[in-house]
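Line order of the protein sequences matches chains V and Y. Taking the numbering used here, the leading residue of the first sequence gets 0, the next gets one more, and so forth. Taking the numbering used here, the leading residue of the second sequence gets 162, the next gets one more, and so forth.
Because the hints were derived from the structure by calculation, they are not lab data. Honestly, I wouldn't trust all of these hints.
[Unchecked claim] A partial selection of chain V residues facing chain Y, derived with a Cβ cut-off under 8 Å:
#1 Pro12
#2 Asn20
#3 Trp30
#4 Leu41
#5 Arg43
#6 Glu44
#7 Gly46
#8 Tyr59
#9 Glu72
#10 His83
#11 Val111
#12 Arg113
#13 Gly119
Heads up, the beta-carbon is just placed ideally off N, CA and C, and yes, glycines get one too.
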Amino acid sequence: MADTNGSTAGDLPQHALERLNRMKQGERRLWTSDLTVNEFLLVREAGFEPLGLVVGSSIYHIGYQSQLFRKNEELTVLTQAMYHARELAMSRMEEEADQLGADGVIGVRLDVNRYEWGPGLAEFMAVGTAVRSLGESHRPAHGKPFTSDLSGQDFWTLLKSGYKPVGLTMGNCVYHVAHQTLAQSMRAMGQNVEMANFTQALYDSRELAMERMQTEASEMGAEGIVAVQIQERSHGWGSHVIEYFAIGTGVVQGRPDHVVPEPQMVLPLTD
Amino acid sequence: MHAAFYPGWLTNSWGNGDIRPFTLAITTARQTAIDRLMEEAAILGAHGVVNCHVDVRYPEWGSGLSEFTAFGTAVAFEGQPAPRRPFMGGMSAEDTLALFRAGYIPLTLSFSTTAYYVMTTWQASYSESSWSNQEIPDFSRAVYEARDFVVGGLRAQAREVAADGVLGAEWHMSVEEIDVERPATGGWGGGYGGGYGMGYGTMQSFRDHIVHLTVVGTAVGKLTGPYHTPAIHSVVNLADHALDPDPGPMTSGETLADTAPTGNPESQRLPGSH
Chain V
0 MADTNGSTAG
10 DLPQHALERL
20 NRMKQGERRL
30 WTSDLTVNEF
40 LLVREAGFEP
50 LGLVVGSSIY
60 HIGYQSQLFR
70 KNEELTVLTQ
80 AMYHARELAM
90 SRMEEEADQL
100 GADGVIGVRL
110 DVNRYEWGPG
120 LAEFMAVGTA
130 VRSLGESHRP
140 AHGKPFTSDL
150 SGQDFWTLLK
160 SGYKPVGLTM
170 GNCVYHVAHQ
180 TLAQSMRAMG
190 QNVEMANFTQ
200 ALYDSRELAM
210 ERMQTEASEM
220 GAEGIVAVQI
230 QERSHGWGSH
240 VIEYFAIGTG
250 VVQGRPDHVV
260 PEPQMVLPLT
270 D
Chain Y
162 MHAAFYPGWL
172 TNSWGNGDIR
182 PFTLAITTAR
192 QTAIDRLMEE
202 AAILGAHGVV
212 NCHVDVRYPE
222 WGSGLSEFTA
232 FGTAVAFEGQ
242 PAPRRPFMGG
252 MSAEDTLALF
262 RAGYIPLTLS
272 FSTTAYYVMT
282 TWQASYSESS
292 WSNQEIPDFS
302 RAVYEARDFV
312 VGGLRAQARE
322 VAADGVLGAE
332 WHMSVEEIDV
342 ERPATGGWGG
352 GYGGGYGMGY
362 GTMQSFRDHI
372 VHLTVVGTAV
382 GKLTGPYHTP
392 AIHSVVNLAD
402 HALDPDPGPM
412 TSGETLADTA
422 PTGNPESQRL
432 PGSH
């Protein structure tokens, strides 16, 4: 999906920029965050401070693509729409973090809402907390702030074990699952059989989504991906059109040894 | 509380913007509920209120009636004189204690909301009927405007109580469609079914939107004194449910604890801290 990776940085609305600048120079810094108390304390302990909530959004019109009733195939127009709109939202969020002088964004959530704005329209929103290192810079080699969907707890553990997040990496695939012929349905009736073309369709689309995520990760120079989520959604396209969406945080080594203190065993007395 | 408003009519012209009477009514009603909670806590001689939250009930959307109820548990430190104004936070007692240890104090629930009117332009309604993939920039921009409005309100409120920051901010957003008759905008042409060359001021049908955006969090302040973040130990949770960790909202499936040969990060989380 590298072709839709077009840079969209710098297209923040004017007053968003003004607000961010005010936040940066403000008389006294005030931060906002969606971190829980424990996440906040862990982020501080890891040597970071929260700077503020950063958001990117895009309202997107998803085009139209005809489908062959009996054919398993990727719907590339829809795949591209879903990817490009997420990319827009993410890069705007990244841009906001950049403006704030953040090292990265943690706890990113990527939401898609269909239909609220009208048929064919979807709203894509990326929200996270921008953080800045109190010590040395933690910006990855690509120079932009890192993004990650890790919680404060996972972020702390990752840093303690000698890894650093590079960025969110994602891949998707919208796929049309073929309808069965009457003869096929008749043969399967009353039998225990695998629906081979359904299995095949799900496999295909999931593999495509994961492959794209991995390609993106290796392009950004990550050594591995942690906390991968794979979602299967229909987004209201009907029962035979599904989207597989894979997202995770690409990581690199921060130091060669990955020794962490031996954990203690505890038996909590709470239920 | 009762809020009556005419959507879209902002002071004296049509345009994008906060529907002031609506926003003001919600903010005032909510603050009244919180103030009464504080009064009760002060009468009890409490030092603070933990687990604070506000419930909103809309008996029926559109009837204009809403009910705001603020709940929380008043707490006191034994043998200490009560302060004039108790602290207040949305976090649990355990989390509040952890915050104190680290030198922070919850101050009050922060809240900011808007009912933001978004006018559908001719360009936007044209793009909506297209067959190709494209962003609707007018709508994206409107969401940005609404968010800037809400975040601005949240910051102003936090500054009023001299907060250092806002924790646990939660967003809620919904979009309401609204069909209106109004003069066409965008220079040339009209809305749905509008033709060219229509005189300025001709009324036409549009499907406009109202973005309801709310952000809730807890404003926290810094305590003076030499505080530091409590030491953190990684632990392995021996309780049965440790085998089936409750994935946080950000992660699911494979968490770091499964891949790194380290302690279970979830066990750092105090019960009920989500």
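Hints versus structure:
1. The interface hint given for Pro12 (chain V) is met, as the beta carbon of that residue sits about 5 Å from the closest beta carbon of chain Y, less than 8 Å.
2. For the restraint placing Asn20 (chain V) at the interface with chain Y, the shortest Cβ-Cβ distance is roughly 13 Å, beyond the 8 Å limit, so the hint is violated.
3. Restraint check, Trp30 (chain V) versus chain Y: the minimum CB separation of about 4 Å is within 8 Å; hint holds.
4. A hinted interface residue such as Leu41 (chain V) counts as satisfied when its beta carbon comes closer than 8 Å to some beta carbon of chain Y; here the least separation is about 7 Å, so the hint holds.
5. A hinted interface residue such as Arg43 (chain V) counts as satisfied when its beta carbon comes closer than 8 Å to some beta carbon of chain Y; here the least separation is about 5 Å, so the hint holds.
6. Nearest Cβ of chain Y to the Cβ of Glu44 (chain V): about 5 Å, under the 8 Å cut. The hint holds.
7. Given hint, Gly46 (chain V) at the interface with chain Y, is violated; its Cβ is 10 Å from that chain's nearest Cβ, farther than 8 Å.
8. For Tyr59 (chain V), the interface hint holds, the least distance from its beta-carbon to any beta-carbon of chain Y being 5 Å, beneath 8 Å.
9. Hint status for Glu72 (chain V): violated, given a least beta-carbon distance of 18 Å to chain Y, over 8 Å.
10. Using the Cβ-Cβ criterion of 8 Å, the hint placing His83 (chain V) at the interface with chain Y is satisfied: the shortest such distance is roughly 7 Å.
11. For Val111 (chain V), the shortest C-beta to C-beta distance to chain Y is roughly 13 Å, which exceeds 8 Å, and the interface hint is violated.
12. The beta carbon of Arg113 (chain V) comes no nearer than 11 Å to any beta carbon in chain Y, farther than 8 Å, and the hint placing it at the interface is violated.
13. Because the closest C-beta pair between Gly119 (chain V) and chain Y is about 7 Å apart, less than 8 Å, the hint holds.
In summary, the numbered hints that this structure violates are 2, 7, 9, 11, 12.
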